[in-house]
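**Student:** In case you want the letters, here they are:
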Amino acid sequence: MVDFLNPTGWALALLQMLLFSAGAPLLIAWVKRIKSRLQNRRGPSLLQPYQDLRKLFGKEAVMAHTASPVFRAAPYIVFGATLVAASVIPLLAIELPTTAIADVIVLVGFLALARFFLALAGMDVGTSFGGMGASREMLISALAEPAMLMAIFTLTMSAHSTNLSSVIEHVLDAGLLLRPSFLFALLGLLLVAVAETGRIPVDNPATHLELTMVHEAMILEYSGRHLALMEWAAQIKLMLYGVLLSNIFLPWGIASRLDAGSLLLGLVVIVAKLAVLGVILAVSETVVAKMRLFRVPAFLNLAFMLSLLGMLSHVILEVGA
Amino acid sequence: MNLMHLSLLEQTMLVLSALALFLSFALLAQARLTTMVHLFAWQGGLLALLTAVVATVGGAHHLYISALLTLSLKALLIPWMLHRLIRRLQLERHQERLERQALVMMSGAALVIFSYWVVLPVARLELADTRNVVSLSLGIIQLGMLLMVVRRQAVAQVIGFMSMENGLFLAAVAATQGMPLVVELGIAFDVLVAAVLFGVFFFHIRESIDSLDVDLLTRLSEAEQEKLASEAEGDA
Amino acid sequence: MNELYLILALPAIGAVVLGLVRNLRMASWINLGVSAATFVVSVMLALRVLEQGPMHSDKLLVDPFNIYLLVLTSFIGLTTAIFSRPYMEHVCHTGQCSPQRMRLYHSMFQAFMFTMLLALSTNNLGILWVAVEGATLATVLLVSLYRTPEAIEAAWKYFILCGVGIAQALFGTVLLYFAAQHVVPNAEDGLNWLVLYQHAGELSPTVMGLAFVFLLVGYGTKVGLVPLHQWLPDAHSEGPTPMSAVLSGLLLNVALYAVVRIKMLTDGALATSGHPHMAGYLLMGFGLTSFLVAGLFLHRQRDIKRLFSYSSIEHMGLATFGFGIGGPLGTFAALLHMLVHSITKSSIFITVGHASHIAGTQAIDHIRGLIRTQPSVGWGLLFGVAAIAGFPPFGVFTSEFLLLSATIQSWPWLTVSLLTGLVIALAGLFRHLHPMVYGAVPEGQTAVKVNMIPVAIHLLLVLWIGLAIPAFLANWLDQAVQLITGEGLL
Amino acid sequence: MNLASPLSLAGLAAAMALLSALASLLTQQTPSLMRRLVMPALGASGALALVGGVLALLGGQAETLSLPMGLPWLHWELRLDVLSGFFMALIGAVVIGVAIYGPGYAREFEHGNDSLPALGGFTGIFVAGMQLVVLANDAFMFMVAWEVMSLSSYLLVAFQHEHAPNRRAAFLYLLMAHVGGLSILLGYGVLAGFGDGFSFEAMRAAQLSPGWASVAFLLAFVGFGMKAGLIPLHVWLPEAHPVAPSHISALMSGVMLKVAVYGFVRFTFDLLGDFQWQWGVLALVIGAVSALMGVLYALMQHDLKRLLAYHSVENIGIIYIGLGLSLIFLGTGHALLGVLGLVAALYHTINHALFKGLLFLGAGAILHSAHERDMERMGGLLRRMPWTGLFFLVGCISISALPPFNGFVSEWLTFQAALQAWALQSGVLRTLLPLAAAMLALTGALAAACFVKVYGVAFLGQARSRPVRRAREVTLGMRIGQGWLAALCLALGVLPTVVVGALNGIPQQLLGQGLTQSTAHGWLWLTPVSADTASYSAPFVLIGLMLAWWLASTVLRRGAVRKVRRCDAWDCGFAPPNARMQYTATAFAQPIRRVFGGLFEIEEGVSQGEDGRERHSLHVNDRIWGWIYLPIVRATNAAARRVTLIQSGNVRIYLGWSLGTLVVLLWLIS
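Chains as they are written, first to last, in my numbering: chain L, 1 to 321; chain R, 1 to 236; chain A, 1 to 490; chain G, 1 to 670.
Some hints here could point you the wrong way.
As the list claims (entries may be wrong) - Okay, the calculated bits of chain A under chain G, using three or more residues with CB under 8 Å as the criterion:
{"hint": "1", "region": "4 to 16"}
{"hint": "2", "region": "46 to 53"}
{"hint": "3", "region": "154 to 165"}
{"hint": "4", "region": "203 to 217"}
{"hint": "5", "region": "223 to 233"}
{"hint": "6", "region": "399 to 406"}
{"hint": "7", "region": "424 to 431"}
Unchecked claim - Residues from chain A that keep clear of chain R, each with C-beta distances beyond 10 Å, as calculated:
{"hint": "8", "residue": "126"}
{"hint": "9", "residue": "137"}
{"hint": "10", "residue": "193"}
{"hint": "11", "residue": "415"}
Everything labelled a hint here was simulated from the structure, so no lab data went into it. Here the structure is a predicted model, which means the values were calculated and not measured. Where a beta carbon is used, it is the ideal one built from N, C-alpha and C, also for glycine.
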């Protein structure tokens with residue numbers, strides 16, 4: 001296992017954590033930009049999200065009388081958990097000490113922790129919308145989780161490891177193979193990512209139309225820095241999934257050695273991948289319409305089916321591969 | 001077996017036991033209580049006589065005592081008591097027609113044949129010089145039970161019970177030349193007490209359901225409870 | 001032997017005396033005293049036997065098998081006498097029963113004890129028969145003591161059925177005697193148990209087979225084996241409660257004791273014949289049937305004493321089954337089961353007596369909330385039933401455990417039916433017990449003056465046996481096992 | 001033997017429990033003794049059990065002690081080895097919490113007609129029974145202790161027997177416990193039949209044919225599963241656990257079920273030996289089904305304690321998944337992975353004991369101060385009972401398997417075990433295991449949903465009823481009791497390496513092999529199989545989270561406006577929300593109820609209330625009941641009705657029976 005006394009490793013981890021938190025708003029802005037372009041609008045500037053965050057941090061926070069300490073603590077916990085989750089994912093390089101601290105299952109655990117408190121915060125004030133949002137969020141995540149893990153298991157079973165570095169390393173070593181299992185897993189994980197990050201067609205982050213809200217409904221009562229943290233966490237989450245998808249299934253370009261050159265390459269590559277992903281997301285969101293809540297299970301069952309197919313094809317077709 | 005080889009006394013013995021069996025059939029068929037008591041008395045008498053015969057045949061002298069015992073008890077005392085009871089219960093005129101008498105008779109015969117078949121292997125052993133009297137006695141016992149099954153009249157049932165005792169006694173005498181004396185006495189005592197108690201019970205039953213028809217004695221039955229239970233469920 | 005004669009004489013005299021005593025209080029005290037004396041003497045005798053081994057005359061016989069039943073009998077007689085004093089007084093005050101009938105009651109109680117002890121201690125199968133029949137005669141008037149139509153009906157059925165049954169037994173005895181005459185040296189003691197046992201091997205199998213069937217049907221009626229049991233619930237439920245306690249605690253045991261004695265002979269006789277285990281199979285069949293059927297009967301009961309009389313049938317079936325399986329373990333279990341069952345069951349009947357006084361009826365539907373009304377009675381009933389249902393740490397569990405393991409060894413597949421039966425019985429008991437002991441106090445139900453000491457003693461005894469079978473008891477039973485099966489367990 | 005030896009400590013623990021049972025007889029006269037004597041004795045018993053258990057767990061070698069009790073040829077023998085040591089420690093840990101919590105809770109019974117002696121006495125016997133089950137070294141003593149445990153817990157379920165539901169629950173519980181007990185007894189019987197006698201040594205020595213081994217396994221599986229509450233044998237559990245006094249519920253759900261697990265492990269892994277993978281498949285499938293159904297039924301409940309009871313079913317399911325994996329791997333000859341599964345299962349066992357105990361104590365605290373079990377009438381309790389709220393939150397996070405608490409670690413280990421499926425030969429198994437893992441994932445997510453519902457509805461928002469509005473924080477003792485368990489939850493979550501290291505002794509003893517790699521990289525790193533397969537460092541995770549929170553709460557707030565203004569909830573600008581507008585528990589679960597509708601028996605309808613108002617009624621029932629249990633009941637009653645025909649009441653017919661029997665018998669023997 002990686003040595004933990006190597007300071008560069010830690011420095012790298014810290015660096016990519018910062019990159020995550022810094023880059024997340026940019027990704028959102030990029031997606032918004034492409035979308036509005038596709039809808040023949042000019043759309044906001046790429047820096048808009050940063051300005052929003054700054055503004056929100058500047059404002060005083062307002063809380064309902066009925067809000068409890070949980071409501072107050074939630075933003076920090078959610079943001080913290082998401083950030084820690086992000087720090088686990090190899091962004092630029094493989095050899096991360098953090099990947100040994102927490103493997104992919106723990107990663108899912110971090111996201112679950114964040115969601116748990118997000119939902120509690122939604123319930124806290126005691127408004128009907130908050131409860132509604134929490135209830136829906138938990139349903140969606142509950143259905144998404146098995147699909148996600150199934151997809152991940154497909155990878156980990158072929159890599160014989162749940163350590164993300166090892167997985168990526170395995171994929172790199174294997175070279176460019178056309179694996180049906182990975183294909184299915186990728187599709188499954190894509191759908192899950194859409195659901196988990198609350199994008200169309202599962203949820204629409206741009207709306208406050210009461211009956212369709214999920215994520216927005218939970219953070220309805222937030223304002224000021226609390227809101228900022230929540231929004232930021234959501235953005236990081238989106239980026240997190242993006243990186244996960246791109247770096248696990250198409251890891252090529254990620255730095256396997258810790259020298260400046262390869263790291264720079266890694267940075268460029270990941271930016272490119274995320275840009276492409278953003279475009280795909282934007283396109284899909286413009287062509288697909290948001291679906292009713294009770295269609296979502298079908299959507300996620302599809303995801304699970306795909307992941308399951310991935311697993312089966314791994315077992316049936318790729319044993320020993 | 002061949003009667004030729006038997007002494008006269010032994011032949012009389014067989015005849016007597018056969019008669020006893022016949023009397024059981026008669027008891028089964030008889031409708032009038034008083035007559036039943038008479039028949040029962042006769043049976044007792046026959047047994048006493050037979051005991052005496054066996055005593056002389058086998059030279060078992062203690063049997064004379066039990067013969068005397070039987071005569072006094074089964075032929076005189078108990079019938080007398082039963083008579084008194086019947087009179088005090090105003091049952092002299094009581095008659096009880098058997099329904100399906102033919103069937104009962106046939107099954108009685110069947111029982112006798114059955115008991116013969118059962119005892120046959122024993123008789124084959126040729127242990128006893130009194131060949132198949134045992135099977136006759138078993139027949140009498142079973143007929144007594146049958147009587148108790150088919151008769152609804154308490155007194156009739158008691159008579160059936162007593163004739164069972166007769167059968168037992170016959171068995172004891174025929175098969176083993178009587179039981180040890182102490183046992184004989186004990187049995188006799190029990191039978192006597194039983195008879196007395198039966199007498200007591202007739203009156204109790206009479207005053208509780210003012211009849212002696214045992215078919216009316218059906219308060220204590222799960223079937224009854226069954227009905228109650230179903231009603232209770234119906235209410236609930 | 002002197003103690004033995006004393007044991008027999010005490011209740012006999014007691015019966016006569018009590019027949020004459022008019023004063024009720026005095027009578028009940030005398031009753032108590034006599035029972036106590038009997039118990040003490042029986043214990044002394046037991047100690048004697050334990051150190052000096054079995055002893056016998058041509059009339060009487062004491063061996064490990066019957067000595068433990070003797071002690072048990074006199075013990076339960078004593079505790080029942082203790083309980084019956086306040087109980088019967090209460091009965092008299094409620095006017096269910098007139099003083100002269102109380103005289104009958106006390107005298108017959110001792111007469112019954114006498115017949116029981118005689119049946120246990122006699123060395124002569126004929127006398128055994130006489131004694132068992134005598135037990136019927138002694139108790140039949142007690143069953144009808146209250147003179148209610150039900151009581152009289154019950155008594156009549158008891159009388160007729162047991163009379164007929166016992167008549168079969170007599171025929172069996174005759175056959176036995178018949179078989180014996182040709183093997184025993186002196187025809188006079190053709191019914192002498194010891195002599196017969198020595199010559200068991202020579203008895204003609206054919207006759208013995210026949211005899212066994214008659215004796216089984218005869219004494220089996222007394223044991224309450226299905227389908228010969230019909231008298232039992234009636235007699236138990238209608239008689240005065242102390243009577244029910246001794247009937248199900250003692251009479252059934254003694255009848256079973258007789259059956260086992262006969263089985264020992266039959267096994268000896270049939271050992272060489274075509275089907276040596278015929279007796280055992282018959283016992284197993286009867287035992288299992290009684291066990292299962294009685295368990296089902298429990299579900300439909302509406303009278304509390306009927307309920308527990310069926311449970312007696314069930315447990316007698318279990319013990320019979322154990323003897324049927326035979327072998328040291330099975331026999332040990334059966335003996336132990338007889339012991340714990342009669343201790344537990346008599347304590348239950350005592351509690352039930354109090355319970356029905358509290359509620360003023362025996363109808364299960366009207367007995368409610370005992371624990372709240374009178375905790376001692378409620379908990380007593382609850383624990384008693386838990387014990388009889390075979391829950392540890394009570395002794396019944398031990399015997400059932402041994403019985404099961406014996407069954408597993410020889411008849412693995414029968415265990416399934418046994419377990420089913422146990423569960424059915426448990427359900428049957430507790431579905432009635434629950435509403436009786438639990439719940440709030442119903443209207444107009446008040447505590448009464450009770451004496452729960454006997455119950456406590458019994459339950460503690462059963463608890464003791466369940467936690468640790470005392471060594472002397474173990475040896476004792478083991479000697480009995482050796483006597484019955486020829487090989488010991490320890 | 002010296003008094004400091006683990007076994008004698010354990011024995012003393014049982015003795016103390018019995019002592020407290022005896023002492024409670026005095027509480028009839030002086031109720032205060034409950035506080036001053038009975039509960040302290042129980043606590044002492046717990047402490048002794050904990051110490052003795054831990055010593056035995058670390059000590060590693062077994063010691064035995066024979067008591068002059070039981071059968072003349074089979075004396076009771078106590079044996080404390082690593083396995084029983086572990087479970088002793090588990091019992092002790094929870095019992096301590098309960099004993100600290102108990103006095104405050106039992107105070108409400110001091111007035112009123114529930115008898116304190118019964119409560120204290122049966123509790124003591126109950127605890128002693130469980131400890132003796134764990135200590136027993138022969139089948140007879142095991143069964144005695146086992147049934148004593150069942151009986152005493154039954155009496156505790158029936159403790160407040162004025163309420164008809166409690167009586168019904170107690171009856172059902174007793175019946176099924178008895179069935180289970182008999183099934184176990186039969187299982188031991190099979191082992192004893194092949195070995196000689198009922199002592200565990202003999203059973204270990206027994207050589208069974210595979211067929212009989214499977215029979216024994218099935219019997220044990222049913223018997224212990226009945227007590228553990230595996231679906232479909234679980235129906236008694238959600239009835240019985242909630243109606244007992246809450247600290248007893250904590251003991252039943254937290255500890256008694258674990259004793260069942262102990263029995264299963266002891267029977268299968270220790271006594272039975274040579275494993276067959278088919279057993280594992282059975283355990284795995286049943287476990288997965290129990291986990292999923294358990295959590296789904298739990299989601300449908302709005303009675304807090306009932307909900308927790310259903311979660312016990314779920315967690316037992318998870319434990320059995322671990323055991324099933326272990327059996328599969330052992331049966332296919334992968335000893336190391338088998339060990340991993342076993343360790344995961346045991347880890348989850350103690351975790352569940354802790355957080356389920358904690359949650360039941362919390363529910364009890366609510367019941368104690370608000371007299372309310374129905375969540376639909378709770379709300380806003382966090383502000384009224386902050387400490388209870390905090391501890392309950394810990395419980396919720398732990399049971400939802402969220403890092404860094406203990407529930408997560410054991411589920412992580414289970415996942416790791418399942419993910420080693422690639423080592424298996426058969427492709428079917430290789431797919432089955434990940435499927436089970438997916439079920440586990442679904443279960444975990446649903447559990448999280450369920451506890452968001454619980455905490456959100458009960459502790460957050462506004463109070464929905466007056467008594468809840470009046471609720472006050474509970475006594476110090478009750479808080480400490482909860483705090484103790486909460487602290488343990490965190491400790492076991494953060495220091496998994498230590499725990500796994502300790503647990504290693506158990507497979508060492510049972511299977512002769514431990515997780516060699518698990519702690520190879522120091523106490524910081526948990527690496528169950530090998531470092532590059534998977535690793536987890538809970539301390540670092542905790543540090544990382546702390547760091548991130550500190551970052552978010554300080555660094556980012558620099559420059560931001562610090563003050564927070566309070567005002568009405570915005571709620572999209574609708575009228576200020578009141579308590580009745582909040583999302584209810586039923587509403588929260590509605591989407592899930594709709595998605596999984598097929599699994600429940602749902603009676604939904606609108607009925608006219610007596611006051612003429614229309615009322616919406618919703619009942620979600622267990623399908624299993626109608627499928628399996630009702631038919632049995634009907635059959636029994638029908639049979640009973642048939643049988644009564646024998647007892648027709650007519651003496652002549654009786655005589656007919658007698659005659660008929662005689663004839664038949666004679667015919668038989670001739």
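**Student:** Hints first: check each against the structure and report whether it holds.
**Tutor:** Hints, verified against the model:
1. Coverage of a stretch by a chain is defined here by at least three residues with a beta carbon nearer than 8 Å to that chain's beta carbons; for the region 4 to 16 of chain A and chain G the count is 0, and the condition is violated.
2. With 0 residues carrying a beta carbon less than 8 Å from a beta carbon of chain G, the region 46 to 53 of chain A misses the three-residue requirement, and the given coverage is violated.
3. Given as covered by chain G, the region 154 to 165 of chain A passes the check, having 6 residues with a CB less than 8 Å from a CB of that chain where 3 are the minimum.
4. Coverage of the region 203 to 217 of chain A by chain G holds. Counting CB-CB distances below 8 Å, 6 residues qualify, and the rule asks for three or more.
5. With a threshold of 8 Å between beta carbons, the proposed coverage of the region 223 to 233 of chain A by chain G holds, since 6 of its residues qualify and at least three are required.
6. Coverage of the region 399 to 406 of chain A by chain G holds [criterion: at least 3 residues with CB-CB distance below 8 Å; count 4].
7. Three residues within the 8 Å Cβ limit are the bar, and the region 424 to 431 of chain A against chain G gives 6, so the coverage statement holds.
8. Non-interface status of residue 126 (chain A) relative to chain R is broken: a Cβ of that chain comes within 10 Å, the nearest being about 3 Å off.
9. For residue 137 (chain A), the non-interface assignment is contradicted: its Cβ lies about 5 Å from the closest Cβ of chain R, within the 10 Å cut-off.
10. With a least beta-carbon separation of about 13 Å from chain R, residue 193 (chain A) lies farther than 10 Å from that chain, consistent with its non-interface assignment.
11. At roughly 29 Å, the least C-beta separation between residue 415 (chain A) and chain R is larger than 10 Å, which holds for a residue marked as non-interface.
The structure shown violates the earlier hints numbered 1, 2, 8 and 9.
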